[in-house]
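For reference, the chains in residue letters:
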Amino acid sequence: MKPLDPRLVRRIGPARRHILVTAGLGFVTALLILVQALVIARLLAPILSPAPLADDGLHWWGRIVPEGARTPATGLAVLAAVVLARTAVAWLQERLAHRAGVRVISQLREMVVDHVATRGPRWAAGGRTAEVATLVTRGLDDLLPYFVRYLPQLALAVTVTPVMLVVVLGLDWLSAVIVIVTLPLVPVFMILVGLVTQERSARHLEAMQRLGARTLDLIEGLPTLKALGRERGPAARVRELGDAQRRATMGSLRVAFLSGMVLELLTTLSVAIVAVTMGFRLIAGEIGIETALAVLVLAPEVYLPLRNVGTHFHASADGLAAADAAFTLLDEEDPARARTPLGQAPDLRGAPLTVTGLAVATPDGTRLAPGPLTFTAAPGAITALRGPNGEGKSTALLALTGLLAPDAGTVAVGGAPVLRDDAAVDEPSWLAQVAWVPQRPDLGPAGRTLSLGQRQRRALARAFESGRPLVLLDEPTSHLDRASRGEVIARMRDLAAAGATVVVATHEAEVLEAADAVVEVTAARVEVAS
Amino acid sequence: MSRRDASDLALLREAIRDTGVSRWAITRAILAGTMALGSAVGLAAVAAWLIAKAAQMPSPADVALAATVVRFFGISRGLFRYLERLASHDAALRGVVTLRERAYDRLARSGAGTVLGLRRGDIVARMGADLDAIGDAVVRAIIPLGVAATVSAISVGIVALLLPVAGLALGVCLVLAGVVPAVLTARAARIAAVAGAKAHAEVSAAALSAMDGATEHRVWGTLDDAAEALRGADRDAEHAHELAARPAAWAAGFQALFSGVALVALVALGVLAVRSGDLDGPSAAVVALLPLAAFEAVGAVPAAIMQYFRSAAAARRLAELVDGPGAGDATVPREAPAASSLALDALSVAWPGMTPTPPVSARVEPGQVLAVVGRSGVGKTTLLTTIAGALPPAAGAVTLDGEPSSPADTGTVVAMTAEDAHIFGTTVLENLRVARGDVSEEQAWEALALVGLDGWVRGLPEGLDTELGAGGRSVSGGERRRLLLARAGLAPAPVALVDEPAEHLDDAGADALRAFVSRMRAEGRTVVLVTHDLSILDLADAVVSLDD
Numbered sequence: 001m002k003p004l005d006p007r008l009v010r011r012i013g014p015a016r017r018h019i020l021v022t023a024g025l026g027f028v029t030a031l032l033i034l035v036q037a038l039v040i041a042r043l044l045a046p047i048l049s050p051a052p053l054a055d056d057g058l059h060w061w062g063r064i065v066p067e068g069a070r071t072p073a074t075g076l077a078v079l080a081a082v083v084l085a086r087t088a089v090a091w092l093q094e095r096l097a098h099r100a101g102v103r104v105i106s107q108l109r110e111m112v113v114d115h116v117a118t119r120g121p122r123w124a125a126g127g128r129t130a131e132v133a134t135l136v137t138r139g140l141d142d143l144l145p146y147f148v149r150y151l152p153q154l155a156l157a158v159t160v161t162p163v164m165l166v167v168v169l170g171l172d173w174l175s176a177v178i179v180i181v182t183l184p185l186v187p188v189f190m191i192l193v194g195l196v197t198q199e200r201s202a203r204h205l206e207a208m209q210r211l212g213a214r215t216l217d218l219i220e221g222l223p224t225l226k227a228l229g230r231e232r233g234p235a236a237r238v239r240e241l242g243d244a245q246r247r248a249t250m251g252s253l254r255v256a257f258l259s260g261m262v263l264e265l266l267t268t269l270s271v272a273i274v275a276v277t278m279g280f281r282l283i284a285g286e287i288g289i290e291t292a293l294a295v296l297v298l299a300p301e302v303y304l305p306l307r308n309v310g311t312h313f314h315a316s317a318d319g320l321a322a323a324d325a326a327f328t329l330l331d332e333e334d335p336a337r338a339r340t341p342l343g344q345a346p347d348l349r350g351a352p353l354t355v356t357g358l359a360v361a362t363p364d365g366t367r368l369a370p371g372p373l374t375f376t377a378a379p380g381a382i383t384a385l386r387g388p389n390g391e392g393k394s395t396a397l398l399a400l401t402g403l404l405a406p407d408a409g410t411v412a413v414g415g416a417p418v419l420r421d422d423a424a425v426d427e428p429s430w431l432a433q434v435a436w437v438p439q440r441p442d443l444g445p446a447g448r449t450l451s452l453g454q455r456q457r458r459a460l461a462r463a464f465e466s467g468r469p470l471v472l473l474d475e476p477t478s479h480l481d482r483a484s485r486g487e488v489i490a491r492m493r494d495l496a497a498a499g500a501t502v503v504v505a506t507h508e509a510e511v512l513e514a515a516d517a518v519v520e521v522t523a524a525r526v527e528v529a530s
Numbered sequence: 001m002s003r004r005d006a007s008d009l010a011l012l013r014e015a016i017r018d019t020g021v022s023r024w025a026i027t028r029a030i031l032a033g034t035m036a037l038g039s040a041v042g043l044a045a046v047a048a049w050l051i052a053k054a055a056q057m058p059s060p061a062d063v064a065l066a067a068t069v070v071r072f073f074g075i076s077r078g079l080f081r082y083l084e085r086l087a088s089h090d091a092a093l094r095g096v097v098t099l100r101e102r103a104y105d106r107l108a109r110s111g112a113g114t115v116l117g118l119r120r121g122d123i124v125a126r127m128g129a130d131l132d133a134i135g136d137a138v139v140r141a142i143i144p145l146g147v148a149a150t151v152s153a154i155s156v157g158i159v160a161l162l163l164p165v166a167g168l169a170l171g172v173c174l175v176l177a178g179v180v181p182a183v184l185t186a187r188a189a190r191i192a193a194v195a196g197a198k199a200h201a202e203v204s205a206a207a208l209s210a211m212d213g214a215t216e217h218r219v220w221g222t223l224d225d226a227a228e229a230l231r232g233a234d235r236d237a238e239h240a241h242e243l244a245a246r247p248a249a250w251a252a253g254f255q256a257l258f259s260g261v262a263l264v265a266l267v268a269l270g271v272l273a274v275r276s277g278d279l280d281g282p283s284a285a286v287v288a289l290l291p292l293a294a295f296e297a298v299g300a301v302p303a304a305i306m307q308y309f310r311s312a313a314a315a316r317r318l319a320e321l322v323d324g325p326g327a328g329d330a331t332v333p334r335e336a337p338a339a340s341s342l343a344l345d346a347l348s349v350a351w352p353g354m355t356p357t358p359p360v361s362a363r364v365e366p367g368q369v370l371a372v373v374g375r376s377g378v379g380k381t382t383l384l385t386t387i388a389g390a391l392p393p394a395a396g397a398v399t400l401d402g403e404p405s406s407p408a409d410t411g412t413v414v415a416m417t418a419e420d421a422h423i424f425g426t427t428v429l430e431n432l433r434v435a436r437g438d439v440s441e442e443q444a445w446e447a448l449a450l451v452g453l454d455g456w457v458r459g460l461p462e463g464l465d466t467e468l469g470a471g472g473r474s475v476s477g478g479e480r481r482r483l484l485l486a487r488a489g490l491a492p493a494p495v496a497l498v499d500e501p502a503e504h505l506d507d508a509g510a511d512a513l514r515a516f517v518s519r520m521r522a523e524g525r526t527v528v529l530v531t532h533d534l535s536i537l538d539l540a541d542a543v544v545s546l547d548d
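Chains as they are written, first to last, in our numbering: chain A, 1 to 530; chain B, 1 to 548.
A few of these clues could be false.
[Stated by the list, open to error] To be clear about the criterion: a stretch of chain B counts as covered by chain A if any three or more of its residues have a C-beta under 8 Å from a C-beta of chain A, and this derived list gives those stretches:
| hint | segment |
| --- | --- |
| 1 | 57 to 65 |
| 2 | 69 to 75 |
| 3 | 83 to 95 |
| 4 | 209 to 219 |
| 5 | 253 to 259 |
| 6 | 406 to 418 |
[Unchecked claim] Label pairs and their in silico Cβ distance ranges:
| hint | chain 1 | residue 1 | chain 2 | residue 2 | range |
| --- | --- | --- | --- | --- | --- |
| 7 | B | 403 | A | 205 | 52 to 58 Å |
| 8 | A | 232 | B | 440 | 20 to 26 Å |
| 9 | B | 335 | A | 520 | 52 to 58 Å |
[Stated by the list, open to error] Using 20 Å as the maximum straight-line C-alpha spacing, the simulated SDA-like pairs for lysine to any residue come out as follows:
| hint | chain 1 | residue 1 | chain 2 | residue 2 |
| --- | --- | --- | --- | --- |
| 10 | B | 198 | A | 144 |
| 11 | B | 198 | B | 313 |
| 12 | A | 2 | A | 327 |
| 13 | A | 2 | A | 310 |
| 14 | A | 2 | A | 144 |
| 15 | A | 2 | A | 184 |
| 16 | A | 2 | A | 23 |
| 17 | B | 198 | A | 99 |
| 18 | B | 198 | B | 8 |
| 19 | B | 198 | A | 450 |
| 20 | A | 2 | A | 306 |
| 21 | B | 198 | A | 141 |
| 22 | B | 198 | A | 135 |
| 23 | A | 2 | A | 191 |
| 24 | B | 198 | B | 246 |
| 25 | B | 198 | A | 137 |
| 26 | A | 2 | A | 157 |
| 27 | B | 198 | A | 110 |
| 28 | A | 2 | A | 320 |
Hints listed in this document are in silico derivations from the structure and should not be mistaken for laboratory results.
A virtual CB, placed ideally from N, CA and C, is assigned to each residue, including glycine.
If we strip away everything but chain A, and leave its shape as in the complex, we get (with noise of 0.2 Å):
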């Protein structure tokens, strides 16, 4: 997996701002802690030199910390000024990235739930509902850590440890040497280690899945087993289980952890190698001990940066899966098939509705629910649509809105065809004139506090009073009391006389009683050619 996805450069502005920022403060941290270092080294040489210096041992690098900074005030000054920048530096990096991160949730969040609102009943049919919901509201969650701990991380291995490479180079060649030739050891042992242990490490994993899906097993099915009085048994199995998994989880852990020792083990090695090469250079006379120092504060800090990107990994890879399941749903091609315009919507006024042929699929494509449906809904009638649950009835009145292509057949207005599977009249102009209410009306956040049956109330409520020519209640009685029912088909009744269009899909016998036709709804089988 990549380090950083470019789609969430490209694509989110708050990441793309926050990764220049994290940068920026990158090359900062990495000036702090070179002025650091040689500002020890300029401190501790003239206590530790038996000779007064003569030469400056940062060399070049002395024009950054002047060799006054070798007297106690001055560079004990300098150090306190450091030490403050770099608080102030910490305090920053988490603030923005706390900040930066949040934004960037928020906005794919927001992209997401945008993209998933426009794609219609039939996508929500598909099934990809759960997945998607667990999406926005936990798993982009993930993108957070990765944020705060994850990318400073990796602005710092790529700022600090070059920066700290050149500034080695110009004070001690030899040790310069040693770092170069151990840093690239990092990535090619790790690389060896996952391949020598991959096949192991793959087998264990799949262990380690089958036994958990084993005992979760166990515990979905608690309540059928007390329901069947069998319940005291399986706590010794769900043992038994755990055991195993444990000791599959060890034997890819003892794998696992491997590459994480090969990364300290190298990094802390070469940081001592660089330590005692210095040490008998230093007696030989070779290298001078201000030099000795600067190198000695600044060696460890190439790799620390490495080392953080390695422990904080699992985090990236959660956070960068999140985002990529997010860009992949925003990237998907809609399903929906273009429909050629009809032009405006007729007035739905006084005007009967045809229904012919109407036909939907479901989405597994082995039933059409409904089946071809064909009735005429006279303006100023009540007309129900009849039949078992899972027959098409709902889909019938979702066709109706128009927000649902349906796969055969022609709704029409006064003769004139509004619907159809590959052509609809324009949308604004139709939907101003349609009144629905599905079962489990939702009526925003604030509806979600409410029982379904006062929700019910509410949005049947909203569809009698908003004057809408065509008017398409699911199951309206459903989750009422009889006293409502009747209130309810008393309004149904009203808005007929007063020369609306009602279509109803109901099994219920009063509203039954109440409609001026009754149109039977059936699924049909789908034919398989041969």
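Based on the hints, put chain B in the right spot on chain A.
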């Protein structure tokens, strides 16, 4: 057992005790971690001494030992870190296994009302992710905090031996660098838990509403309002996150500050001590450079505190599941009679806080069938749960053989097959043995033949031994219903409750139900059936309707 008032800390401590993780296992991991980070401190100290000593140009033999020690620390850090990670994960995994077994057992023994009222998603999340989060408290909170304490003590000890006043300065800075960020992080975690959780819930509601209600929003032209509502909720959540991020940023700043202050102080003290002749050069180098390595261990404190809060929240959720209402009312299962009559006397049922159903009365003798009808959502499943004894009646009474039903009857006198009863990820035979452990292969085939599934099972690759469900062969809706019926028929309880799903039953399903009912009748067992198939009602001796 009333643990609902206990603090999260107490609940986490109790949960960790329940993991049975030994002190020795934790000590061993802390020791390895101390050796790992102690190696880093040791490397910094000995390397500083080596360089400073070498500057005095002694004979190479004088620094030979130091050079060896430096190389040793260069290797030991990675090695001990590896051992620490293995030790800590092993301890935590063992603890989680023990805790899961105990929690499962406690839950299995708790009241039938608790268990049957569980939502599938809840139980999986609590026993899965939340238990793992409690284990994480060992790996990511207890052990890093222990290591931070020991490594800091070692660093202070080294410096104090050389220059006591410098040791004191380092000690004060280390304590401040650990404690102040810990307090700030705890504050951030508390704000996030309250304001953040509320804002997050509102974002979720707005996002789900915008997606689930999308068609409605398009019809009514409120799509933009829904998007605006989500943007508003997102802004509120960002603000709540800001509130929590502020102390977290200060925690990061203070860590940098205190380690920097220690560096300045110890460099100053080292330089002054050499000038006044109190300290030789190499020792001063150790004092001055040690702070660069000593603060790595306390750097882990904020993450450990965050983990502690996550684990404590998980411990509370687990405690609420395992010790929820109805826990502790575990009862000794009743000895089942061979047959039992069933009477509903003006029975009205409801889960706590819900509207009770209209009262119904009926009486069926052994060998008779009671059918329950009603609209979806009216409370038919709740009625079955009450008849099973798992839920006390809201009003009226259920009597089994003249005795009021109780949780002791669930599964013994009354066996219930819920609408969403579980098919386990095991063989066909084992799935039938869920009803009764000693079902023979012959009896299994007979039960399958009754519901017309024998042909289907014969067609499976390994017949009765074919694995089903998760990880095995998938089962269609119709096959699932009939398999559950076969299982219900094998349960030995004298009263069988069967909850048929609301969807339209196919012909094979209706035949299976009819065969099941006549078999139960022949065996003298009492059957309560929730159904939508009106043709089945002809088989019933009594019918109750929950519609008003």
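Right, here's what the structure says about each hint:
{"no.": "1", "hint": "57 to 65", "verdict": "holds (count 5)"}
{"no.": "2", "hint": "69 to 75", "verdict": "holds (count 5)"}
{"no.": "3", "hint": "83 to 95", "verdict": "holds (count 6)"}
{"no.": "4", "hint": "209 to 219", "verdict": "holds (count 11)"}
{"no.": "5", "hint": "253 to 259", "verdict": "holds (count 5)"}
{"no.": "6", "hint": "406 to 418", "verdict": "holds (count 7)"}
{"no.": "7", "hint": "B:403 to A:205: 52 to 58 Å", "verdict": "holds, 53 Å"}
{"no.": "8", "hint": "A:232 to B:440: 20 to 26 Å", "verdict": "holds, 22 Å"}
{"no.": "9", "hint": "B:335 to A:520: 52 to 58 Å", "verdict": "holds, 53 Å"}
{"no.": "10", "hint": "B:198 to A:144", "verdict": "holds, 18 Å"}
{"no.": "11", "hint": "B:198 to B:313", "verdict": "holds, 15 Å"}
{"no.": "12", "hint": "A:2 to A:327", "verdict": "holds, 15 Å"}
{"no.": "13", "hint": "A:2 to A:310", "verdict": "holds, 14 Å"}
{"no.": "14", "hint": "A:2 to A:144", "verdict": "holds, 17 Å"}
{"no.": "15", "hint": "A:2 to A:184", "verdict": "holds, 19 Å"}
{"no.": "16", "hint": "A:2 to A:23", "verdict": "holds, 18 Å"}
{"no.": "17", "hint": "B:198 to A:99", "verdict": "holds, 18 Å"}
{"no.": "18", "hint": "B:198 to B:8", "verdict": "holds, 19 Å"}
{"no.": "19", "hint": "B:198 to A:450", "verdict": "holds, 18 Å"}
{"no.": "20", "hint": "A:2 to A:306", "verdict": "holds, 15 Å"}
{"no.": "21", "hint": "B:198 to A:141", "verdict": "holds, 15 Å"}
{"no.": "22", "hint": "B:198 to A:135", "verdict": "holds, 18 Å"}
{"no.": "23", "hint": "A:2 to A:191", "verdict": "holds, 15 Å"}
{"no.": "24", "hint": "B:198 to B:246", "verdict": "holds, 18 Å"}
{"no.": "25", "hint": "B:198 to A:137", "verdict": "holds, 13 Å"}
{"no.": "26", "hint": "A:2 to A:157", "verdict": "holds, 15 Å"}
{"no.": "27", "hint": "B:198 to A:110", "verdict": "holds, 19 Å"}
{"no.": "28", "hint": "A:2 to A:320", "verdict": "holds, 9 Å"}
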